[in-house]
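Heads up: the sequence lines are chains A and B, in that order.
Per the working numbering, numbering through the first sequence is continuous, rising by one, with the last residue being 350.
Per the working numbering, numbering through the second sequence is continuous, rising by one, with the last residue being 296.
If you anchor each label on the Cβ, the simulated ranges turn out as follows:
| hint | chain 1 | residue 1 | chain 2 | residue 2 | range |
| --- | --- | --- | --- | --- | --- |
| 1 | A | 298 | B | 67 | 55 to 63 Å |
| 2 | A | 217 | B | 121 | 46 to 54 Å |
| 3 | B | 284 | A | 331 | 56 to 64 Å |
| 4 | B | 287 | A | 219 | 28 to 36 Å |
| 5 | B | 95 | A | 217 | 34 to 42 Å |
| 6 | A | 188 | B | 97 | 22 to 30 Å |
| 7 | B | 284 | A | 202 | 35 to 43 Å |
| 8 | A | 217 | B | 105 | 40 to 48 Å |
| 9 | B | 274 | A | 223 | 43 to 51 Å |
| 10 | A | 188 | B | 284 | 17 to 25 Å |
| 11 | B | 98 | A | 219 | 36 to 44 Å |
| 12 | B | 257 | A | 217 | 44 to 52 Å |
| 13 | B | 256 | A | 171 | 49 to 57 Å |
Computed, partial: chain B to chain A, Cβ under 7 Å:
| hint | residue |
| --- | --- |
| 14 | 160 |
| 15 | 164 |
| 16 | 166 |
| 17 | 175 |
| 18 | 176 |
| 19 | 179 |
| 20 | 185 |
| 21 | 186 |
If you are wondering where the hints come from, they were derived from the structure by calculation, not from laboratory data.
All residues carry an ideal CB built from backbone N, CA and C; glycine is no exception.
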Amino acid sequence: MTAYLQVAGLDHSFGGLHALRACSFTIEQGRITCLVGPNGAGKTTIFNVITGFLRPDEGSVVFRGRTLNGLRPQMIVHAGIARTFQNLRLFTDLSALDNVMVGIARQFGEEPLGAIFRPLHTARAQSRRRQEAIATLEHVGLADRAHDLVRNLSYGEQKLLTVARVLATGAELLLLDEPASGLSASALDAVMALLRRLQSEGKTLLVVEHNTRVVQQIADDVLFLHQGHLMAQGTPERIISDPALAEIYFGGAL
Amino acid sequence: MDFLYSYIVLAEIYVLLGLSTNLLVGIAGIFSVSQAAVFGVGAYIVAHFMMAPDPLSFIPSLAIAAVGCVALNILVTLPALRVSGDYFVVTSFGIQLLATAVFTNWTAGTGGANGLPGIPPPDLLGLPIETTAQYAWLCTGAVVLGCLGFFLIMRAPFGRLLRAIREDETAVAAAGKNVLRAKVSAAALAGAFAGTAGGLYATFLSFIDPSSFDLDASILLLTMVVVGGARTLAGSIIGPFLLLALPQLLTLVEIPTTIAAAARQLIYGLLLIMFMLFRPQGLAGERL
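Extracted from the complex, chain A is given alone in its bound form (with noise of 0.2 Å):
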């Protein structure tokens, strides 16, 4: 049986940083998996590899049998894995809800011949699409927000926008860079359930994840990277119970 999602033999050298070293784990489908790790241990160039942001030195990385070397991020997209970032990247000056149509897949009258000669067929398919972006906002709890400039959303708010756009892309796979860092703890509880109701419609997560409450909460499977490689693999109990484990998470690498 192939693996829904096999990373094998990473390797990626930024100038004379190793970030990646020989780095290979598997997902599965329909699960939530958690990338754990010390600060620098490869965890965002993972995700950068994966939707085609950064091309590996070596390495291959193939979803559901498919190979996704050298495809470029929007086909990585298409492919089905779409991902968030750490620090955002919100389309500040639009909406929240243009930020979710703007993830809407194959839209017409997003080329502008199409947009200038069928201006009635272009609003009309706008506004099917506008309610399903309404709906996506509605799935995240961010419904009463759609028409609000993305600056003046909270941050917790700002977060939960951004799992609305990797949703709206229809991706299978979503790969979510610390959806939980710098939340509230009634924003946290939010996310979390965002995240196991998703879980349940089917999707499939890897997620960058510090807090281990929040990992301990959502994680089925839990990959542990250091120094680029994956150290651990296992359940969120048996990876947070490893003092090993605990030791370089926790400084003793220092």
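For this one, chain A is given, so just place chain B on it according to the hints.
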């Protein structure tokens, strides 16, 4: 009366250029300072075909100019698809200087620094357009179409995509969109607008020379967009009408004609700086 009409015609030609510049610079964030070069190529192409031994009429010449400028603007902005922000301004600056050099030195094609006189007036499907008033109607028609196109694009997904690209190309790619393709489309559209404006300009003045299409002209276009207001339709209309009224106002002040051009340039520059510092959203726009 003719004076008022010719002011309207020129302002409307610059509105088309303003739409072009606003689309590229304001909305898509491709900071081009070579739009006047594209404008010039449009003007020279129309002049060339209408003055050929076997002349074409106005509309086909204009169509060729528009298509030529679409291709040219894609080529010219291609570096922007590879290099970002600051680097592109420098590249674009170089392209503008290169174009001016060609306009000035390719005497056989452009008449060189002496310019190209005797460009025939346009006709519309056999109907000759000779008076300035008729010309104003022609340009009004072109501007209405241009504004309609701009408006439709702004409210379509394409407009939203360009605005998103201006903010964060990486995020747009992560949302599954082809950034390159959208930028090429924006450049093509801006080229069509600028080429059409060039054709109208050449036939209206019946004489063109490189000074209308130099770096100063590109800066003037940017100033119009900044003063009028970036990223809005209203801004693209207000800017040209206001800035072209300025030289007329200057004639009311008693200054020697020898320094009038320099004074105008000085005022344009000051306006650009003042607006950037104190009102970057222009009179009717959003922050650039």
